[in-house]
Amino acid sequence: MAAPFDLNNDGVVVIIGSGAGGGTLGNELAQKGIDVVMLEAGARHEYEDFINDEWDSFAQLAWTDKRTTSGDWRVAKDFPNLPAWIVKAVGGSTTHWAGASLRFQEHEFKTLSTYGKLEGANLLDWPITLAELEPYYAKAEDKLGVTLTSNIPGLPGNNNFKVMKAGADMLGYRECHTGRMAINSEPRDDRNACQQTGFCFQGCKWGAKWSTLYSEIPKGEATGHLEVRPNAMAIKINHDASGKVTGVVYADKDGRLREQKARIVAVAGNSIESPRLLLNSASSQFPDGLANSSGQVGKNYMRHTTGSVYGIFDKPVHMYRGTTMAGIIRDEARNDPSRGFVGGYELETLSLGLPFMAAFLNPGGWGRSFTTALDHYDHMAGMWIVGEDMPRQENRITLHADIKDAHGMPVADVHFDDHANDTAMRNHAYKQGSALYEAVGATRTFPTPPYPSTHNLGTNRMSEKAADGVVNKHGQAHDIKNLFVSDGSQFTTGGAENPTLTIVSLAIRQAEYIAGQMSAKSI
Amino acid sequence: MVTIYESKPVHETKPVLSRRELLKRGGVGALLVISGSAVISPEHAWGLETSALKPETMATLIQMARDIYPHDQVPDKYYAIAVKAHDEQAGKDPAHKDLIEKGIADLDLKSGKDGYTGLGWEEQRVAVLRDIEDTPFFQAVRGGLVVGLYNQKEVWPIFGYEGESYSKGGYMARGFDDIEWL
Ligand SMILES: Cc1cc2nc3c(=O)[nH]c(=O)nc-3n(C[C@H](O)[C@H](O)[C@H](O)COP(=O)(O)OP(=O)(O)OC[C@H]3O[C@@H](n4cnc5c(N)ncnc54)[C@H](O)[C@@H]3O)c2cc1C
Ligand code: SF4
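Protein chains in written order, with UniProt numbering: chain A, 1 to 523; chain B, 1 to 182.
If you are wondering where the hints come from, they were derived from the structure by calculation, not from laboratory data. Cβ coordinates follow ideal geometry from the N, Cα and C atoms, glycine included. It cannot be assumed that every hint is accurate.
Stretch-level coverage of chain A by chain B, calculated; a stretch enters the list once three of its residues show a Cβ under 8 Å from a Cβ in chain B [unchecked claim]: (1) 156-168; (2) 195-205; (3) 224-230; (4) 344-355.
All chains should be modelled from the sequences, with the hints used to inform the complete structure.
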């Protein structure tokens, strides 16, 4: 039973965003009997409505409201108004996501101490350690049903994985398997087993893949403590004279502005929208935006050092058949500065359908060099590079000076320049990926540039000291104790791992903290 | 209105086309014929009716599309479908009509006395395209093709892409792991 709450009910927790962070937090709080209103900018599409078609699915789910870009990254040139490939819908990017669910490594919580000071990088140790997060990782893995953790069998390897595995063996890599995936290898938690449909990025029509849309949210709604309000775009967070937040102004489905009162506000709009909202909530008391006494809101934007390698073989592969990302090599994820960079990267299987391959293989490319690659589409194998990138103050989200969205809210500008460490890592990964495919007999390989960002992190980072970041180790704003950040923008640094398992673990931990603080009446 | 239609095979139609015109256009791979306001492929029995752009412009656009994304196994028809949106847009937006008509005129001018389609080798035509690749005209045509060409479900099988799979039960029993040569 979904509970509708009154706009003037100031006892509720208002969560902005229903993705990995917000959706999980909402269910966790509801399970503890706490009333939650979840504002979601996008519409609600149940999983039966997902579309096995790349562009149609993109039109259905992706965030296509205008954004602008700047900086030296190629995305700014190729996709000037699409810096990120993320979702605007109930479930957030957990509808599109591929399901790779990895824990951070110990040193990745301590990058400043481990890597030392790096010119042009704003490194900082997290205020929490792996040991502190481990129990929550275990809960998150259980919640998501992550394969190859606690007796959950792995997914079967598809063609794309088999090519990767053969190459990994040739190169002497030791840790190559079908991945820790939040995709059912057998029915579990009322979700089907994966049918190898191959449209993981388009939303899983079998519901085999974990998504807050059909895993967390209905469970939360069943408690009677969670109301999800789709088509509700938060525009501004209000506060009182004491500096506590009091409610959220949002545009409803008809574009009318409403205010939902709140006891606590948790921001989980992903790392572009969350800082945009805090910055847009500036007031005479907080002229630089909410929770921004450190000046760090919007800064340290990270997107992982990514890229892809595709290889063409003289025999068919059909990489698009089956689970998109169920295949990983972890050997390069270690920190080994002898490779010419700090931090590490993962190699994961990846496949795009023909329409997206045409758009992303070499954006702007044309002529025979480009088309002969596509001619062998069914002979291609592919992998994705995902590595730790360096936080930089200059890489940041700002409010655009002139351009506004349909509600009159300034759009976000996303500025990104690669750090030299990012470039060195990417080049290393390109070489390894190409060598791997060549070892299996590839006749041609393609070092493919990064796509619009699917992993967006760091723009409201956690820090021990209030001067270094936006939130404390519970995601609570240093400046405002009833304001929380609950998404990947809390990340102090990015790690080499796909971020969602960590986002979910932090949300579970944050729910415990919020419940404790509420019953202690300290917020 | 732009329509791609299946036309009657060549022996049943009499396109208004001079012998000279035929020979002039003969240099380019597939033979496209201009008839009234239509571009016709007599060999492959389809036609494309234009309403805003000149049919000659459309024929050149089709050739240009193939030179930008050349796939020898993909028939002209799909390139025609991929560029026909420019005719629709030209009908609604005079600035777009101008962009395309002037762009094609400029392309012809740069290509010498027989125009762009008069250049016999792909390399010759590509050299002209390289010259203009940074222009808004070229980028509009190329950009439109990325979705216009590759998002046609009918071309997917030509590339070995199978498309939608949910209704067929995914690939669980249809070869997700059928690779044999490793
Ligand atoms: C194609 C793709 C593949 C991916 N694969 C993986 C993977 O394999 N493993 C992995 O770990 N991660 C993966 N990711 C990344 C993962 O999806 C994200 O890291 C994760 O979902 C982020 O969670 P979040 O809560 O920060 O934001 P999201 O899940 O993006 O949710 C944010 C939600 O907030 C809403 N919102 C934003 N602003 C407002 C506002 N002002 N008012 C109301 N609502 C608002 C948005 O509409 C959205 O629904 C992938 C992402 C994509 C796009
Ligand atoms: S491959 Fe599996 S997880 Fe991916 S969409 Fe298909 S059934 Fe879902």
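**Q.** Earlier hints that do not hold, by number
**A.** Violated hint: only 3; rest satisfied.
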